[in-house]
Amino acid sequence: MIADDDSAILALLSYTFESDGFKVSLVKNGLEALGLASKRDFDVILLDMMMPELSGLAVTEALRQRANYTPIIILTARDDDDLKITGINSGVDDYLDKTTPQREIVARANALIRRNQIYQKPGQVAESLDHYSFDGLEIDLKTKSAMLADDRIDLSKREFNLLVFLIQNRDQIVSREAILTEFWGETQDYETRVVDVTISNLRKKLHNQFIKTKRGFGYQFSEHHTKDIL
Numbered sequence: 001m002i003a004d005d006d007s008a009i010l011a012l013l014s015y016t017f018e019s020d021g022f023k024v025s026l027v028k029n030g031l032e033a034l035g036l037a038s039k040r041d042f043d044v045i046l047l048d049m050m051m052p053e054l055s056g057l058a059v060t061e062a063l064r065q066r067a068n069y070t071p072i073i074i075l076t077a078r079d080d081d082d083l084k085i086t087g088i089n090s091g092v093d094d095y096l097d098k099t100t101p102q103r104e105i106v107a108r109a110n111a112l113i114r115r116n117q118i119y120q121k122p123g124q125v126a127e128s129l130d131h132y133s134f135d136g137l138e139i140d141l142k143t144k145s146a147m148l149a150d151d152r153i154d155l156s157k158r159e160f161n162l163l164v165f166l167i168q169n170r171d172q173i174v175s176r177e178a179i180l181t182e183f184w185g186e187t188q189d190y191e192t193r194v195v196d197v198t199i200s201n202l203r204k205k206l207h208n209q210f211i212k213t214k215r216g217f218g219y220q221f222s223e224h225h226t227k228d229i230l
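Each step along the sequence shown adds one to the number in my numbering, with nothing skipped, and position 4 is 4.
Treat the hints loosely; a few may be bogus.
PhoX-like mimics (lysine-lysine), calculated; alpha carbons at most 20 Å apart, straight line [unchecked claim]: (1) Lys39 <-> Lys28; (2) Lys204 <-> Lys157; (3) Lys144 <-> Lys157; (4) Lys214 <-> Lys144; (5) Lys142 <-> Lys28; (6) Lys205 <-> Lys157; (7) Lys157 <-> Lys142; (8) Lys204 <-> Lys214; (9) Lys84 <-> Lys98; (10) Lys39 <-> Lys23; (11) Lys98 <-> Lys144; (12) Lys84 <-> Lys157.
Okay, the calculated beta carbon distance ranges per label pair [stated by the list, open to error]: (13) Asp135 <-> Met50: 44 to 54 Å; (14) Ala111 <-> Leu12: 19 to 29 Å; (15) Asp135 <-> Arg115: 22 to 32 Å; (16) Arg115 <-> Leu26: 18 to 28 Å.
Keep in mind that the hints were calculated from the coordinates and are not lab data.
Just so it is clear, CB atoms sit at the ideal spot from N, CA and C, and this is done for glycine as well.
Assemble the whole structure, with the sequences as input and the hints as a guide.
Here it is, written out as C-alpha cells:
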C-alpha cells in the first residue's frame, strides 16, 4: 500500500512498484491508510509523512498499537533527524527522502520484506509472527532477545538481525557475499572477512551450535544443536 496526497507521486511510485511485480493499493490520506491496513494484509506500507487526516507517523503508531508489524517506510520532504528518531522509536522501519531514486525505494522495500518473511515448516519448529523456538534456542522478535537453555544471550543488534536472517533462510546455504550485501551494503567497501568474524562471535555465543559452515559456500542455520567448531 502507498499513501500520499500527491497524485503525481502516487502514480510514479505505483508504476515503479508494479513494474517490479507488486500489486499496489493507493490511498490519499492517513485515515484511509489506517483503515485499509487494518482490514487487509500487505507486504510493505509506504506512507507520506505529512498527509491529510493523519500523518504517516500517526498511522504507524496506530498500527503498532494494534499489533500490526507490517514493514513501514516513511517518505518525507523534511530532513529532520529528531523526527526520524521519533518515528523509528514508534515503529517506522525506514525513512527515505522523496528525492530518493524510485528503484532504490523498491529495493529498500524488498529488503524489508525479506527480513520480515517467516518460512513455515510444520512439525519441525515452533514459530509465530514474533517468535522462534529451536531445540532450546528461543528468539523473540518483539523484544529483540534470545535465550539458550533458559539463559539470556547478549547479542548486538547486528548479531541478532544476522541470526534471524539465517533462520529465515535456513532452507538454503547463505553465502558470505549475500550476508555482506544484506548487512554492510555495497560489497566493495568491505572484505568478506568481516562476515566470518561476526559469524564466529555469534557462534561462540550460541555455544558453537546451530550455525554450520559449508566450506566454499557459506553458512546455514541448523534447526538442531549439532556442534560445528569450524
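Do the hints match the structure? See the list:
{"no.": "1", "hint": "Lys39 <-> Lys28", "result": "17 Å, holds"}
{"no.": "2", "hint": "Lys204 <-> Lys157", "result": "16 Å, holds"}
{"no.": "3", "hint": "Lys144 <-> Lys157", "result": "8 Å, holds"}
{"no.": "4", "hint": "Lys214 <-> Lys144", "result": "27 Å, violated"}
{"no.": "5", "hint": "Lys142 <-> Lys28", "result": "30 Å, violated"}
{"no.": "6", "hint": "Lys205 <-> Lys157", "result": "14 Å, holds"}
{"no.": "7", "hint": "Lys157 <-> Lys142", "result": "13 Å, holds"}
{"no.": "8", "hint": "Lys204 <-> Lys214", "result": "17 Å, holds"}
{"no.": "9", "hint": "Lys84 <-> Lys98", "result": "14 Å, holds"}
{"no.": "10", "hint": "Lys39 <-> Lys23", "result": "16 Å, holds"}
{"no.": "11", "hint": "Lys98 <-> Lys144", "result": "30 Å, violated"}
{"no.": "12", "hint": "Lys84 <-> Lys157", "result": "19 Å, holds"}
{"no.": "13", "hint": "Asp135 <-> Met50: 44 to 54 Å", "result": "48 Å, holds"}
{"no.": "14", "hint": "Ala111 <-> Leu12: 19 to 29 Å", "result": "20 Å, holds"}
{"no.": "15", "hint": "Asp135 <-> Arg115: 22 to 32 Å", "result": "23 Å, holds"}
{"no.": "16", "hint": "Arg115 <-> Leu26: 18 to 28 Å", "result": "25 Å, holds"}
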